[in-house]
Amino acid sequence: MLAEVLLLARKDLRIEWRAKVALGQVAPLTLLIVVIFAFALDANAPLLELGAGGLYWVAILYGGTLLTQRSFELETEDGNFDGFRMSSMKVHSLFLGKALALFVQICLLEIVLGPAILLFYDVQVANWALLVTAGVAGTMAFSVCGVLWGVMAAGLRVRTTLLPLLLVPVLAPVLLAGSRAFETALGVRADAGWSWTSLMFVISAVHTVVGLGAFGFLLEES
Amino acid sequence: MSEVATVATGWGLTFVVVVTYSLWVVSRGRAIGRELGIGEAESPGSKRDTDLTTDS
Amino acid sequence: MSGGTNSTEMTATPATRVLGVSAVAATALMILLGLVISPADVVQGEAVRMLYLHVPSIWIAYGSFVLTSFSSLLFLARSKRRPDGGRHYDRLAGSAAEIGVLFTAITLITGMLWGKVTWGTYWQWDARLTTTVLLFVTYLGYLALRRLPVDPMVRGRRAAVMALISFINVPIVHYSVDWWRTLHQKASLSVGRRPEITGEMYWTLLYSVLTVTIIAAWLTVHRYRVIRLEELRDEETLEQLISSRRNEETADTAEPGDTI
Chain A
13 MLAEVLLLAR KDLRIEWRAK VALGQVAPLT LLIVVIFAFA LDANAPLLEL GAGGLYWVAI
73 LYGGTLLTQR SFELETEDGN FDGFRMSSMK VHSLFLGKAL ALFVQICLLE IVLGPAILLF
133 YDVQVANWAL LVTAGVAGTM AFSVCGVLWG VMAAGLRVRT TLLPLLLVPV LAPVLLAGSR
193 AFETALGVRA DAGWSWTSLM FVISAVHTVV GLGAFGFLLE ES
Chain B
920 MSEVATVATG WGLTFVVVVT YSLWVVSRGR AIGRELGIGE AESPGSKRDT DLTTDS
Chain C
23 MSGGTNSTEM TATPATRVLG VSAVAATALM ILLGLVISPA DVVQGEAVRM LYLHVPSIWI
83 AYGSFVLTSF SSLLFLARSK RRPDGGRHYD RLAGSAAEIG VLFTAITLIT GMLWGKVTWG
143 TYWQWDARLT TTVLLFVTYL GYLALRRLPV DPMVRGRRAA VMALISFINV PIVHYSVDWW
203 RTLHQKASLS VGRRPEITGE MYWTLLYSVL TVTIIAAWLT VHRYRVIRLE ELRDEETLEQ
263 LISSRRNEET ADTAEPGDTI
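Protein chains in written order, with my numbering: chain A, 13 to 234; chain B, 920 to 975; chain C, 23 to 282.
It should be emphasised that the hints constitute simulated quantities derived from the structure, not laboratory data. As the structure is a computational prediction, the values presented were derived from the model and not from experiment. Take these hints with a grain of salt, some might be off.
[Unchecked claim] Dumping the calculated SDA-like pairs for lysine to any residue here, alpha-carbon to alpha-carbon at most 20 angstroms:
no.	chain 1	residue 1	chain 2	residue 2
1	A	Lys-23	A	Gln-81
2	C	Lys-138	B	Val-923
3	C	Lys-138	B	Ala-927
4	C	Lys-138	B	Ser-921
5	A	Lys-102	A	Gly-228
6	C	Lys-138	B	Leu-932
7	A	Lys-32	A	Ile-123
8	C	Lys-138	B	Glu-922
9	C	Lys-138	B	Trp-930
10	C	Lys-138	B	Gly-931
11	C	Lys-138	B	Ala-924
12	A	Lys-32	A	Val-124
13	A	Lys-23	A	Asp-90
14	A	Lys-102	A	Ala-21
15	C	Lys-138	B	Thr-928
16	C	Lys-138	C	Asp-148
[Claimed, not checked] The calculated label-pair distances, taken between Cβ atoms and stated as ranges, are:
no.	chain 1	residue 1	chain 2	residue 2	range
17	A	Asp-94	C	Trp-147	41 to 51 angstroms
18	A	Ala-138	B	Leu-932	45 to 55 angstroms
19	A	Pro-40	B	Tyr-940	44 to 54 angstroms
20	C	Trp-147	A	Trp-140	29 to 39 angstroms
[As the list claims (entries may be wrong)] Computed footprint of chain A on chain C, listed as stretches where at least three residues anywhere in the stretch have a Cβ under 8 angstroms from a Cβ of chain A:
no.	stretch
21	147-160
22	168-179
23	187-200
For each residue, glycine too, the CB sits at the ideal point set by N, CA and C.
Using the sequences provided together with the hints, build the complete structure.
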């Protein structure tokens, strides 16, 4: 099982390594979002510092949705799922493998985006442990939800517009929790950063369980 | 907006929404039924049915 | 929902006509009770009349979404066992969700108007309001998924899974938003609690719930039948396309480009 998960994740990451879509296209785009927010908020330094945590997650929400889209585009274009069904691998492995690959890719995005926010918006990190843990928790929740809803829209003609519509309402609590946790980690707010972080872990756990149960239904004849 | 005007707007909008939706559902059912050639035998009753659905 | 043969005849049957007539009659009485007979509230004044629409609407909306989730569950259970089984559960889920979205919209409209009069603002970022608006968008997405032209069983399964996950998500959303508003902004705008409703107003509210339930039931039955008709039409169109395609192949001089 674990070997299968790693194999499937490695397959996705190798494709990414060769094509460099996450690093070459999506990461620069999120950087652009950081700049655009400064335009929208009239480069108001106190406002940007206050909103840095939330803006970070909004940028991740956008970039992550694009990566999710891409992750399933690759599979359905050549009918990979049919091949998968004929192999002896378990559906659960596919779910976890794709989630793992997506997790790694979004982490890459965050490694670019994080420092950019710190530099451009002039924020100081008050609690590194919380920042990193909250980042991991939020990314986990994002990748699990992303895979679950990505396969829902996979192969449909209108997937590019449908996926964000389905994904964003589900990710709304993650965005809320991530923003609040980051605000604590960045010293803007005083309380509850860890509670918000654990909420994100709970959300990813719930969606992992649901995803493992539902993935088989979604993959059939799609 | 005064209280009475607000209440009137709320009730008015609600009725517009519900009536529009009912009409849409019924007319769509009729249109497809006609396309498929079913339910035409029941034409005497169908007029009364239209009157009925406009209000509900 | 009457039997399979009946539902293909028309979207109205004697039973649903009775339901429709009672919906109209009940609505007339509801207008009379809600707008004329029942008194204005001591605290809220005339604005209390908005609650006679608002409260039944949210009750129907949540009820419809529960129905959607429940029939989605049954559909998934059936469709696994039999290749074409449980399609009626899929139709029920679809029609109930649409009614749910309709009444969520009404809840939001009436709620915002009520809020403007009582709170002085159309919108408050409190848990109930925020959850409702997210629920609204979620089920709009669900309906968008249902509208797609793909194999009905594939679509049905995806929609059913989506309905179930969305339902599981409701408490998560509500809890996190509630926490957001109570934990961080202790001194938020003092939102007036909904007042105690007693006497005539209580009975009017109860009666409104009954009326709106009848209307929603009538709508759901009709929508269910229309979905059935849509499916029949799609099947017939497919058969026509296949047979015309066959004719084309058998005939030596095939006419170009008539079929898709």
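- Hints violated by the structure (listed by number, smallest first): No hint contradicted; all consistent.
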